[in-house]
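*Asks:* Protein chains in written order, with my numbering: chain A, 8 to 260; chain B, 1203 to 1508.
There's no promise every hint is true.
[What the hints assert, rightly or not] On the chain A side, residues computed to face chain B include the following (Cβ under 7 angstroms):
no.	residue
1	Leu98
2	Ala99
3	Thr103
4	Pro104
5	Leu105
6	Gly108
7	Tyr132
[What the hints assert, rightly or not] List time: in silico DSS-like cross-link candidates among lysine-lysine, alpha-carbon distance up to 25 angstroms:
no.	chain 1	residue 1	chain 2	residue 2
8	B	Lys1310	B	Lys1341
9	B	Lys1332	B	Lys1310
10	B	Lys1382	A	Lys92
11	B	Lys1341	A	Lys92
12	B	Lys1382	B	Lys1341
13	A	Lys92	A	Lys170
If you're looking for bench data, these hints aren't it; they were derived computationally from the structure. Idealized CB from N, CA, C, for every residue including glycine.
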Amino acid sequence: MVRAFQCWLTVYRRIWRSSIWSSVLGPLFYLGALGFGLGTLVNKHGAASLGGVSYLAFVAPAILASGAMNTAMGEASYPVFGSVKWNRIYLAAQATPLRPGDIYRGHLMFMTMRIAMNTALVTVYIWAFGATRSPWVVLAWPAATLTGLAFAAPIAAWAVLLKTETTFAYLFRFVMMPLMLFSGTFFPLSQLPGWLRAIAYVTPLWHGVALCRGLSLGTANLPGALVHVAYLAVLAAAGIWAGGRSYRRRLYV
Amino acid sequence: MLVRARGLTKRFEDFTAVAGIDFDLYRGEAFGFLGPNGAGKSSTMRMIGCVSPPTSGELAILGLDPVRDGSAIRARLGVVPQEDTLDVELTVRENLLVYGRYFGLPRKVIRERTAALLDFVQLADRAADKVDPLSGGLKRRLTIARSLINEPEILILDEPTTGLDPQARHVVWDRLFRLKQRGVTLILTTHYMDEAEQLCDRLVVMDHGRFAAEGSPRDLIARYCSPEVLELRFDPELHEQAGDKLKDFPAERAELLADRILLYVTDGDEALAAVRETGLEPLTSLVRRGTLEDVFLHLTGRRLED
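Throw the hints in and build the complete structure from the sequences for me.
*Replies:* Structure follows, in structure tokens:
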């Protein structure tokens, strides 16, 4: 597994420059536009429904969590598919002592590293912008990283089986977009009708957002946080289990 | 014995790629699978490479079971796949480094072997270059160097020179021949008879997932082909008519191809004179020795590259 991870590190050392700008500037734009731009408008109407905090403080941890999801989806979709179809990195690795599970987990390890890099950066931004209300924000970093992993593991397990890359459009349009909008990210779930709220509660991004927000604002309580962590951990574990199987099915034909 | 197969079979849903083959492979030999596209060669290679579990039959590689001990077997194999799987974003040297790390080799060992291997495939001056702009022939040589990083006991080559220009093919053959001289066991597939003749000590002719014949190239030619072959080309208008006429010609065998007529004879020049005596005048004629292509034609009724 570590050997496969090292391969991705070598590749990344060569291509990091092209991805670094979107990693560094993307969240900065989000925080600026939403926190300060939109936030100025929202704050005029009072912060009662936001739990008494400024819009920046409300939205910042959500940008952290949803950013982790976006990184996860980016890393677990096209790169995984391409490792079979385009640059065939998996097919090269397959001829060596590495097993499909090693190849999967090595790549997942690299994805997790990329997610952790981005979430670390955004956590620092939140702190630097004065958007956090609690020292517990330090734990929002691993929490957001776990959120990312909970997406990356099952998506990679699925992506490796695809026959054509056009299927990813569904992932981005019908999974990423709605999750991004309706997981209590940009507005509190209390603004949604009851039945939609019920759906939101079972989506993984809502758990990630709620966990990060609780830590950033210092409102988290232990049982609630544990539920979120457990939900995300189970999703990640299920993904990892499925990935070992799907990679074997795809690579050992 | 390095590889032993009995009744080896590979089925994909309703299609049988390999239909129960038996073979033994010994240390130090170069063993070839010759056959047209779709004959089951690549499926066989993938099973030997432990990346495709056999549907049924026995297969032992280095005395181990490819399904249970795949990882341990692969540690001792070198694989040159049909399509390159090089990482074109990386340099020549980095490709060997990454691959060597897959085998768990220490960086120092990889560095030493990389220098020697790049010398061997004549790529030492390109070590720091990216792979992307390299020509097909150079990429192939790099793939061969990469496959040797773990000092494999068996080198598996799936159509090693398909898609290369003639000059690049000869360079690859030369390198493979040197490996063979060093005692590396080679298993290769090809649909080029000249490749099989140049490299293989022993080969099997494969067709529809089965072996049509096996032996050394020389044996096969002696067994299934006459010493000489007379190739005749007629005016297309007269082609069929000439074919009819030559059916009863005293040759070992006659083949009527779409564009040529082949007569399998002992003495080609004598046969040509005899053809002319019957009143037929070919546009062109060629006397040559029998080849594996003729063997294949005889065994399957089809040409190799069709």
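*Asks:* What hints, given by number in increasing order, does this structure fail?
*Replies:* Going through the list in order, the structure violates hints 6, 7 and 10 and respects the others.
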